[in-house]
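Enquirer: Chain by chain, the residues:
2 protein chains.
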Amino acid sequence: MIVYGRNPVREVLRGRRRHAAGEVLATESAAREPWLRGVEVTLSSPDALERACGSPEHQGICLDAGPYPYVGAEEILTRADPLIVALDELQDPHNLGAIARTAECAGVDGLVICERRAAQVTPAVCKASAGAVEHLRIARVANLVAFLERARQAGCWSHGTAADASVPYHRPDYTGGVVLVLGSEGRGLRRLVAERCDDLVRLPLRGKIASLNVSAAAAVLLYEALHQRTGLDTVPDGP
Amino acid sequence: MIVYGRNPVREVLRGRRRHAAGEVLATESAAREPWLRGVEVTLSSPDALERACGSPEHQGICLDAGPYPYVGAEEILTRADPLIVALDELQDPHNLGAIARTAECAGVDGLVICERRAAQVTPAVCKASAGAVEHLRIARVANLVAFLERARQAGCWSHGTAADASVPYHRPDYTGGVVLVLGSEGRGLRRLVAERCDDLVRLPLRGKIASLNVSAAAAVLLYEALHQRTGLDTVPDGP
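Line by line, the protein sequences give chains A and B. Okay, so the first sequence: first residue is -16 according to my numbering, each after it adds one. Okay, so the second sequence: first residue is -16 according to my numbering, each after it adds one.
Isolated chain A, as found in the complex (with noise of 0.2 angstroms):
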């Protein structure tokens, strides 16, 4: 996988998990990023990246990745008492790469997400998380009905979103082991899915457009569920 833009490439540098990774290709500007001190660097042209990249979004540099490195479901469910997204064949790259931002940023244990059906972590995922997929544990699964029932046995509560829900999403109760279940654009959540959430709640609409951008709910509940775990007020920030 050809990860591309700065970001991306940085954090495929600072999270050290793409054990294949090759060379850095950059232009002669980007090359001189602060944070590629020591990063051997191969000097390219702009036309040359583009051809490597397959985009022009490539902002001076790249570098062949080799494989993402997707975790399994169970290094995500045997964390104590894990905050998990679960993506049920969720369409979009650019809404899975903001979804992977948000769940980085919120400090999620882990984000699923299907195996088929479903968008995959690709270089344009990369590029639109601004490279928190390279720090998030994503996993991918054949089943997320059978990965709920899994999650349930151990011990997660899973709430799934739904516009008819009768539940407000700020109720339930977030804390402990919790699976957020978010639908593809436009269609939802399954039905089979919908059944085996726990509850299902809503986020109030209050103007004339029928829903909000499945990444603006994803923010809205992780954060309503972050607040709830750590009390906002009293756990400093950061790492």
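FYI, nobody ran anything at the bench for these hints, they're computed from the structure. Note that beta-carbon positions come from the ideal geometry of N, C-alpha and C, so glycine has one too. If a hint is listed, it holds; no wrong ones were tucked in.
Taking lysine to any residue pairs in the SDA-like style, the calculated list, with each CA pair at most 20 angstroms apart, reads:
| hint | chain 1 | residue 1 | chain 2 | residue 2 |
| --- | --- | --- | --- | --- |
| 1 | A | K191 | B | T213 |
| 2 | A | K191 | A | R170 |
| 3 | B | K191 | B | G169 |
| 4 | B | K191 | B | G171 |
| 5 | A | K191 | B | G90 |
| 6 | B | K191 | A | R(-11) |
| 7 | B | K191 | A | H210 |
| 8 | A | K191 | A | E168 |
| 9 | A | K191 | B | W18 |
| 10 | A | K191 | B | A122 |
| 11 | A | K191 | A | A148 |
| 12 | B | K191 | A | A122 |
| 13 | A | K191 | B | R212 |
| 14 | A | K191 | B | D92 |
| 15 | A | K191 | B | V54 |
| 16 | B | K191 | A | L(-4) |
| 17 | A | K191 | B | R1 |
| 18 | B | K191 | A | H118 |
| 19 | B | K191 | A | R62 |
| 20 | A | K191 | B | R(-3) |
| 21 | B | K191 | A | G(-2) |
| 22 | B | K191 | B | E168 |
| 23 | B | K191 | A | R1 |
| 24 | A | K191 | B | H118 |
| 25 | A | K191 | A | A146 |
| 26 | A | K191 | B | R(-1) |
| 27 | A | K191 | B | R62 |
| 28 | A | K191 | B | R0 |
| 29 | B | K191 | A | P65 |
So the derived label-pair ranges between C-beta atoms look like this:
| hint | chain 1 | residue 1 | chain 2 | residue 2 | range |
| --- | --- | --- | --- | --- | --- |
| 30 | B | Q74 | A | N126 | 38 to 44 angstroms |
| 31 | B | R133 | A | L175 | 51 to 57 angstroms |
| 32 | A | D47 | B | H2 | 52 to 58 angstroms |
| 33 | A | R133 | B | G5 | 52 to 58 angstroms |
Given the coordinates of chain A, work out where chain B should sit on it, guided by the hints.
Expert: For chain B alone, kept in the frame of chain A given last:
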């Protein structure tokens, strides 16, 4: 302005604010959308649509909607206890569209953008907002600091966001007249804008990435404000 895409064109028609709107051009397939019943449509080829829109993302439909109907800032400030979002030189059309969509869903009274060095409402923004801009009051101001001063005189409190602020975002009182002020991607609020805010709030970061995307931050703040203003438990949703 050539508005393209199914949601944007549908919302132009629903919004009825584009008084100079011309005829709808659509492919045979798009022309069968149920919401086009009773609307005069000129059939067009995908190639002709792409030429008209200057974008391949037309989804088979577009119309010349005329200029975007910006409102004056006073029209927003004179509403009772307004909830307002102000963007300080936001650059990215996708972020502007995403924030407009979330703001419309949250029922804000208006969105304020800078006239210069900032993304304006273009067809790409209409698309990214899923047509929400057709229902939202959007004002352009030459001087955001002066706008915040007028907002203060109108009885509003301005809450800016800053990564190093000491006040957690959920602590302020967001009832009454409120302006939520968000900065540009990367740079945040300009100093004079930050100084003009009544307080600065931060969103907690628990990961390794330096910041939330501005549209994710907007979603979190808007729903916190909505929660405080309406009591989500008691007020029924929607129009």
